[in-house]
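Undergrad: Construct the entire structure; sequences and hints are all you get.
Top to bottom, those sequences are chains A and B. When we follow this note's numbering, the leftmost residue of the first sequence carries the number 1, and every step to the right adds one. When we follow this note's numbering, the leftmost residue of the second sequence carries the number 1, and every step to the right adds one.
By construction, these hints were calculated from the structure, which means they are not laboratory data. Do not take every clue at face value.
To be verified - Okay, derived cross-link-like pairs now, BS3-like style, lysine-lysine, Cα gap no bigger than 27 angstroms in a straight line:
(1) B:Lys6 / A:Lys172
(2) B:Lys10 / A:Lys89
(3) A:Lys64 / B:Lys91
(4) A:Lys177 / B:Lys6
(5) A:Lys177 / B:Lys10
(6) B:Lys10 / A:Lys222
(7) A:Lys172 / B:Lys91
(8) A:Lys6 / B:Lys91
Unchecked claim - Beta-carbon label-pair distances, calculated as ranges:
(9) B:Ser35 / A:Met18: 50 to 56 angstroms
(10) A:Arg252 / B:Lys47: 50 to 56 angstroms
(11) B:Asn251 / A:Phe28: 43 to 49 angstroms
(12) B:Leu172 / A:Lys55: 56 to 62 angstroms
(13) A:Asn91 / B:Asn100: 40 to 46 angstroms
(14) B:Ile243 / A:Phe250: 34 to 40 angstroms
Said to hold, decoys possible - Just so you have them, the derived chain A footprint on chain B, three or more residues with Cβ under 8 angstroms:
(15) 17-30
(16) 127-135
(17) 162-175
Here a beta-carbon is modelled for each residue, glycine too, at the ideal position from N, C-alpha and C.
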Amino acid sequence: MNRTIKALLYPYVVWIAMMIVVPFFLIFFYSITQSRPDSPAIFRFTLQHYREFFKTENINILSKSVILAVETTILCLVLGYPAAWIISKTNVNIQNMILLLFILPMWINMLLRTYAWQVILSRTGLLYTDTAVVIGMVYNFIPFMVLPIYTAITKIDKSLIEAANDLGASSKEAFLKVVFPLSMPGVITGIVMVFLPAVSSFAIPRLLGGGQYVLIGNLIEKQFYLLNNWNFGSAVSVILMILILISMRFMRKSGEISGRGGAILW
Amino acid sequence: MVKGLKIQHKIYLGLMFLFLYAPIFVLVLYSFNASEAMGRWTGFTLKWYRELFRSDVIKNAFYYTIICAIISTIVSTVFGTVAAIGIYYHKKRVQDYVLNVNYLPVINPDIVTAVSLMLLYISVGIQRGFTTMVLAHIMFSTPYVILSVLPRLQAMDPHLIDAAQDLGATQLQAVRKVIIPEIMPGIIAGMLIAFTMSIDDFVISYFNTSGGVTNLSIEIFNMAKRRIRPTVNALATLMVAVIVMFVFIINRIGSKKKMEYRLKEDEK
Chain A
1 MNRTIKALLY
11 PYVVWIAMMI
21 VVPFFLIFFY
31 SITQSRPDSP
41 AIFRFTLQHY
51 REFFKTENIN
61 ILSKSVILAV
71 ETTILCLVLG
81 YPAAWIISKT
91 NVNIQNMILL
101 LFILPMWINM
111 LLRTYAWQVI
121 LSRTGLLYTD
131 TAVVIGMVYN
141 FIPFMVLPIY
151 TAITKIDKSL
161 IEAANDLGAS
171 SKEAFLKVVF
181 PLSMPGVITG
191 IVMVFLPAVS
201 SFAIPRLLGG
211 GQYVLIGNLI
221 EKQFYLLNNW
231 NFGSAVSVIL
241 MILILISMRF
251 MRKSGEISGR
261 GGAILW
Chain B
1 MVKGLKIQHK
11 IYLGLMFLFL
21 YAPIFVLVLY
31 SFNASEAMGR
41 WTGFTLKWYR
51 ELFRSDVIKN
61 AFYYTIICAI
71 ISTIVSTVFG
81 TVAAIGIYYH
91 KKRVQDYVLN
101 VNYLPVINPD
111 IVTAVSLMLL
121 YISVGIQRGF
131 TTMVLAHIMF
141 STPYVILSVL
151 PRLQAMDPHL
161 IDAAQDLGAT
171 QLQAVRKVII
181 PEIMPGIIAG
191 MLIAFTMSID
201 DFVISYFNTS
211 GGVTNLSIEI
221 FNMAKRRIRP
231 TVNALATLMV
241 AVIVMFVFII
251 NRIGSKKKME
261 YRLKEDEK
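TA: Below, the structure is given as structure tokens:
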């Protein structure tokens, strides 16, 4: 049966071929070609864009992006884990209310939230520093850390903790040996969901780091908006993609990854 | 307020909320400040709001944001639902292929998705503008609709559709009258995700529009890039007000529904 129902998929297959697969390969294509400035239709294959990326200044940009993203992720974890744990211990009646209060700022436009920090930091003299960028990223992405951890903690079978207590574990031991290990899937999801937007962000570094501040996202943006060097921009995009694939593979080993964003919020 | 928590836990949560809400409070406060210089309170004014409402740029951006969100939400919800039903009835191997491609925009950084679409438009020779922005929004929202509808389909009793057909329904009737109502919560969740993602999108729109077509995110970015202006604060305050109202209404409807269910239970 079901030939008609199966056919419902075909328009979407055509659509994703056009809008996802072709653009995906276009990036690769642009990253390994160079066209003549006078006639874009004539091009040759080259690896010069990748070679250019491995110049020191670009490598410095990449390592700075990674370092700031790692710092952001660690801060989100250190600040967010206790918050998730405390929320999970609150009275059920107000738990939803507290969660809502946590999610609410996320519904405000990300650029407005970043702009708010521009205002605050300009008064403390921290604006246009690395610290400002990290603060902005932690502020924007910390709910991505808290929510999956919270979900993982609430899924833990309460009787396991009771059993640990009955067997003589102090509440600290029960936390370290039962709760924390069982919340690892949430931690892993949180790490991925914070690291991913943090390493590729370009609006936050632009607004809080200033016009001269370049992270890998800004490097890509500059190629497409300022310098019209799409080929080099594509090569940087490919490298960013590979970086993210590697880090996801690395994380996936230790836990399952659920989809980014929305799903958890609704 | 928070019963059963130790005092240090309450303090921690309090500090967390201070961190989350202080910036928003500052935004709102300075939207009413007479002086343009942020950080010094020189008196109450509404002039930034007047300036905001007079600005054609903001009006334009607002209009494009809303229209784009409405179109892309409707299209991606219908498209995603139809595709999810199609996926569900295919073999595992086909499912895996489609879902893997479907995941690409979900896991790829926004900026890479944005750049790849920009390259597509440039290569095909399409002038970037409102249409390309809407197409881009449909492209990145539909996967989320599929991901929220598919689990509902998988949780559905597979015999339902057989039963409908045994009772004389055609396949499409079975879809419309049996499957769709069954997966409605997934469709609505997907729709909400699509709408909020479209309203909130900055990066993908930024790369895939031109020629005076912008949205609010792009305008805020452009304004914040140049100079801190209290008009941005006024805009932020209005957006915060809308969101708070929205949440309030949803909560009211929610608690009303809860009451109704409770009353029904009591009647039984």
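Undergrad: Now tell me, hint by hint, if it's right for this structure.
TA: Taking the hints in turn, this is what the structure says about them:
1. For the given pair, B:Lys6 sits about 15 angstroms from A:Lys172 by alpha-carbon distance, which is consistent with the 27 angstroms threshold.
2. A hinted pair counts as satisfied when its Cα atoms are at most 27 angstroms apart, and B:Lys10 with A:Lys89 qualifies at roughly 11 angstroms.
3. With a C-alpha separation of about 45 angstroms, the suggested pairing of A:Lys64 with B:Lys91 is violated against the 27 angstroms cut-off.
4. Between A:Lys177 and B:Lys6 the CA atoms are separated by roughly 22 angstroms; this keeps the pair inside 27 angstroms, and the hint holds.
5. Distance hint between A:Lys177 and B:Lys10 is fulfilled; the C-alpha atoms sit about 24 angstroms from each other, no more than 27 angstroms.
6. Distance hint between B:Lys10 and A:Lys222 is unfulfilled; the C-alpha atoms sit about 45 angstroms from each other, more than 27 angstroms.
7. Taken as a hint, the A:Lys172 and B:Lys91 pair is broken in the structure, with Cα atoms around 49 angstroms apart against an allowance of 27 angstroms.
8. Under the criterion of a C-alpha separation no larger than 27 angstroms, the hint pairing A:Lys6 with B:Lys91 is consistent with the structure, at around 10 angstroms.
9. At roughly 52 angstroms, the beta carbons of B:Ser35 and A:Met18 sit within the given window of 50 to 56 angstroms.
10. Take A:Arg252 and B:Lys47: their Cβ atoms lie about 54 angstroms apart, and the range 50 to 56 angstroms holds.
11. The hint said 43 to 49 angstroms for the Cβ distance between B:Asn251 and A:Phe28, and at roughly 48 angstroms that hint holds.
12. Between B:Leu172 and A:Lys55 the Cβ separation comes to about 59 angstroms, which falls inside the hinted range of 56 to 62 angstroms.
13. Between A:Asn91 and B:Asn100 the beta carbons are some 43 angstroms apart, a value that agrees with the proposed interval 40 to 46 angstroms.
14. B:Ile243 and A:Phe250 have their C-beta atoms about 36 angstroms apart, which keeps the hinted 34 to 40 angstroms range intact.
15. For the region 17-30 of chain B, the stated coverage by chain A is satisfied: 10 residues place a CB nearer than 8 angstroms to a CB of that chain, which reaches the threshold of 3.
16. Note: the region 127-135 of chain B has 1 residues with beta-carbon separation from chain A under 8 angstroms; the three-residue rule is not met and the coverage is violated.
17. By the rule of at least three residues with a Cβ nearer than 8 angstroms to a Cβ of chain A, the coverage given for the region 162-175 of chain B holds, with 4 such residues.
Consistency note: the structure conflicts with the earlier hints numbered 3, 6, 7, 16.
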